[in-house]
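Participant: Here is how the chains run, residue by residue.
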Amino acid sequence: MNRLIYIAPLALFAFFAGLAGYMLTQDKDQAIPSQMVEQPLPDFALPPATDGIPGASRKDFVGGEPRLLNIWASWCLPCIAEAPQLEALRDEGVEIIGIAVRDEPENVADFLARYGNPYTRIGADNISELMIEIGASGVPETYVIDADGNIRYQHIGDIRADTIPVLLEQLERARS
Amino acid sequence: MIAELGLAALWLSAALAVLQMVSGALGLRAGGGAAAAYAIHARPAAVVQAFLATLAFLLLLYAFAITDLSIKLVATNSHSAKPFIYKLTGTWGNHEGSMLLWVAVLAISGGLLAGLERRLPERTMSATLAVQGFVALGFYAFLLLSSNPFERLPVPAVEGSGLNPLLQDIGLAIHPPTLYIGYVGLSVAFSLAMGALLTRQVNPDFAKVLRPWVLGAWVFLTFGITAGSYWAYYELGWGGWWFWDPVENASLMPWLAATALLHSVSVLAARDALRTWTIMLGVLAFSMSMLGTFLVRSGVLTSVHAFAVDPERGTFILVLLGLYIGGALAIFAARASSISEGKRFTATSREGALVFNNVMLSAILAIVLLGTLYPLLTEAFDVRVSVGPPYFNPAGAIFAIPMFMVMAVGPLLRWKDDKPKRIQFELALLAAIAIGVIVLVAVLGDFDVLPVLGLALAAALGVAALLPLRGRKLARVPIATWGMVCAHFGVAVALFGMASESAFTSEKLAAVAPGQTEEVAGWTIRLESVDPVAGPNWTAVEARIAASRGDEEPVMLAPQSRNFWAPSQATSESALVTRWDGQLYAVIGDRAGVDAAGNERWQLRVWWKPFVTFIWYGGLLIALGGTISIAGRLQVDLRQRHAIRRRDEERADLEALNGRVSDNGPLPEPAE
Amino acid sequence: MRVLVLLLAFLSVPVFAQQTMPPAPYAYTQLDDPALEAEATALMETLRCLTCQSQSIADSDAPMAGDMRHQVRARLVAGESPTEIRAWLTRRYGDYVSYQPEVSATTWPLFAIPLALLAIVALVLLRRLGKRRSDAASGAD
Chain A
1 MNRLIYIAPL ALFAFFAGLA GYMLTQDKDQ AIPSQMVEQP LPDFALPPAT
51 DGIPGASRKD FVGGEPRLLN IWASWCLPCI AEAPQLEALR DEGVEIIGIA
101 VRDEPENVAD FLARYGNPYT RIGADNISEL MIEIGASGVP ETYVIDADGN
151 IRYQHIGDIR ADTIPVLLEQ LERARS
Chain B
1001 MIAELGLAAL WLSAALAVLQ MVSGALGLRA GGGAAAAYAI HARPAAVVQA
1051 FLATLAFLLL LYAFAITDLS IKLVATNSHS AKPFIYKLTG TWGNHEGSML
1101 LWVAVLAISG GLLAGLERRL PERTMSATLA VQGFVALGFY AFLLLSSNPF
1151 ERLPVPAVEG SGLNPLLQDI GLAIHPPTLY IGYVGLSVAF SLAMGALLTR
1201 QVNPDFAKVL RPWVLGAWVF LTFGITAGSY WAYYELGWGG WWFWDPVENA
1251 SLMPWLAATA LLHSVSVLAA RDALRTWTIM LGVLAFSMSM LGTFLVRSGV
1301 LTSVHAFAVD PERGTFILVL LGLYIGGALA IFAARASSIS EGKRFTATSR
1351 EGALVFNNVM LSAILAIVLL GTLYPLLTEA FDVRVSVGPP YFNPAGAIFA
1401 IPMFMVMAVG PLLRWKDDKP KRIQFELALL AAIAIGVIVL VAVLGDFDVL
1451 PVLGLALAAA LGVAALLPLR GRKLARVPIA TWGMVCAHFG VAVALFGMAS
1501 ESAFTSEKLA AVAPGQTEEV AGWTIRLESV DPVAGPNWTA VEARIAASRG
1551 DEEPVMLAPQ SRNFWAPSQA TSESALVTRW DGQLYAVIGD RAGVDAAGNE
1601 RWQLRVWWKP FVTFIWYGGL LIALGGTISI AGRLQVDLRQ RHAIRRRDEE
1651 RADLEALNGR VSDNGPLPEP AE
Chain C
2001 MRVLVLLLAF LSVPVFAQQT MPPAPYAYTQ LDDPALEAEA TALMETLRCL
2051 TCQSQSIADS DAPMAGDMRH QVRARLVAGE SPTEIRAWLT RRYGDYVSYQ
2101 PEVSATTWPL FAIPLALLAI VALVLLRRLG KRRSDAASGA D
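Residue numbers (this note's numbering), protein chains in the order written: chain A, 1 to 176; chain B, 1001 to 1672; chain C, 2001 to 2141.
Hints in this document: simulated from the structure, not taken from any laboratory.
Owing to the predicted nature of the structure, the values given are computational and were not obtained by experimental measurement.
Among the hints, erroneous ones may be present.
As the list claims (entries may be wrong) - Residues from chain C shown here face chain A by an in silico Cβ test under 7 angstroms; the list is partial: (1) 2050; (2) 2051; (3) 2053; (4) 2067; (5) 2071; (6) 2074; (7) 2078; (8) 2088; (9) 2093.
Glycine included, every Cβ here is placed at the ideal spot set by N, Cα and C.
Input sequences plus hints: build the corresponding full structure.
Facilitator: In structure tokens:
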């Protein structure tokens, strides 16, 4: 009995060391996944983020083909990096609806003029309303929304060339 | 040349650590014979090592002072435009430099131990020095193999890249080094505990040797945590003083273990009880400081306190942790049952109270450890959770409240056995104070349970801390007792500050245009102007605020919102008005649009925090109490040494008178 | 490796100078009702800022934290209870967003272990102090 008590600290320590060692080998994933995946897209209606492109609301996601919801901002550096990838997706025939977070209309227009416009609609989310509603924790994030208005997939961070096939596959899957 | 000299000094120190370790180990094994001849090198090796490691640190300090941009560490962490004082503090404001400071302090403690401590049996001392050498060697290896502070750049940099602006503060000059000294002091306690365990010499003499090291480490830890808390309070700009952040917990856990160790060492020294428990705490305290270092530097946990993290270094520290702590716990598991528990005592005795509080402190430590590491555990299963104040506060309070209650009466009890009846007056008095405060606060308003209990316990503890002096001739109270009274009173003061801050704080957030006024808790705050200002490596907007309480003359406050450019970061510089009964805390934020009249408005955050300063006054009192205690112990120690020398001299005289030649051999170990 | 260090240093206190939008209405504005504001503060102190390293939304200047504070205050004004608001957020971000762990499949050890600890503490104290008393009594000759 006494012996066991004296071994207990060693056992606890071994458990901790094992855990810590394992965690050191793991890539530290800073992303906070949304719990809204597989849930209906919350109801929202956002005004246009800049002149010439309509705003966005939940009903724009219902009917037709699955769509991408892209959360971005002109002040976000990775968004510049993903701009060409979004254009590539649009060229594949994907409808992309943008949500510009805390952004001024002239900055949005400037960004679109400089890096291209892959969006059919851009809603202005000036107080991160929709961001919080769908469980997004940063910019950029991209969601696959099926034709019934359900969130099917979340991509955190900028879209790279190797993300495109993943998104296309998820869009395909969202058809069923 | 500086870098090369420093590096050479470090390599030499590492070599001496090997000598110290081997020589100590031989001293432990050998009764006599050839090996014993090598056993005498452990002490000198430790002493010389202390000088060399200090030299290495001073050389790095010099490199930072002259901003030697050919050294990689200086180039990545300093900047020629930085104020001189922050060039110096930048030496330990980074991973490599702080590790060098760590080994320098480790070597100095080893040198002091080897050079001054003569009370322990030689074998125990040899074992202790061997363990100390082993510990030091690991850190030298860490520095030299994976974090060389003296690495040169192939081409000297044109300009340094600066230091994290949050760290460009006088708080940084004192807070981390004091914590390191505390951590390192615990490593000496660890070595002594292992030495005593290996040679089965766990007795009051050992406890008396251990005590000043534990006390010293504990004083530095207390001071370091207090300073760190105040630094976070005024530097992070939101008026919080403790966030239960992993990095803060990493410094609290060794403190909790050291506090428990401190009290159990006292029991061992005075009563020869709690032998295995003391050894266990000695190992635990150092484990916690190593664990803290691991958590802070490996980056496995997410913290608000910016640290350069690196999994590679994490691996190295984890290996060291496994070697030292795993090894120590294995030896403990094998040896502990061969050490008897020591003298007995009843529940209602000084020892009984100390055991109770030791167990409670350990339980609080377990809660903090659990809450800190739990997110790490769930992340292994890809689930992310957060554990914060709403968990730590109540879970800790379950154990802290009984602990404070026993702490109030413990010092009033006699050693070994006592009758509760003897102190019934004191018990009734303390209970009356606590209940009185609860009733008073309940009448004043509606507050949370924990702050109210905190206020009641603080009041009772404050009185209880002074009770051991009752009925005694103050001039004859031992100095160490004054230390205890001071430290316990400090706990009451700090607890009062914490409870008062969380119960009575008033907050005012407002968008204000220059010329407008706001009210908070009897203070009138008038925003006079907002102007741009510039410093050596930053620009800022500075608000000028006139704050007045009642009809007093207004005090001018100048909080700033700073933007640093090397590296690019933003910080809030809070402005404080300190009064005896609290602090006014003001921060200027961003622009907040224009008001109806077209004036530009600014975000202003102002808090009135009643008695918040008592948190840190309390911390300082606790540290002061520890210091007084050390002084008292050292005084007794020196007096005893003096008495022994006198006695020996008299005996020698007597023997000379008797016409005999003294052939006693070496002097007997001083017995206390 | 150095990139990681720089990245983390940047993440810890990012500069939001590029964002020129004014903060959400309730981000830095207190509620008029002091009781409601006290509820808001208590709740905000226990919600985690998602874009910071380890801070509550009450302690952060990050715009996202400001927007979350707006949600908290606005929803309290609309009549929701703090518990409902916390649940609303955890439905979106999981347990990560709340510093106050709830008993669930992933967090039960956080509550079970302290209870076990309480039992161990009671046991240790009974064995240590309870037994000693009888030992001392029988040993006192």
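Participant: Failing hints, ascending?
Facilitator: Those not satisfied are hints 3, 6, 7, 8.
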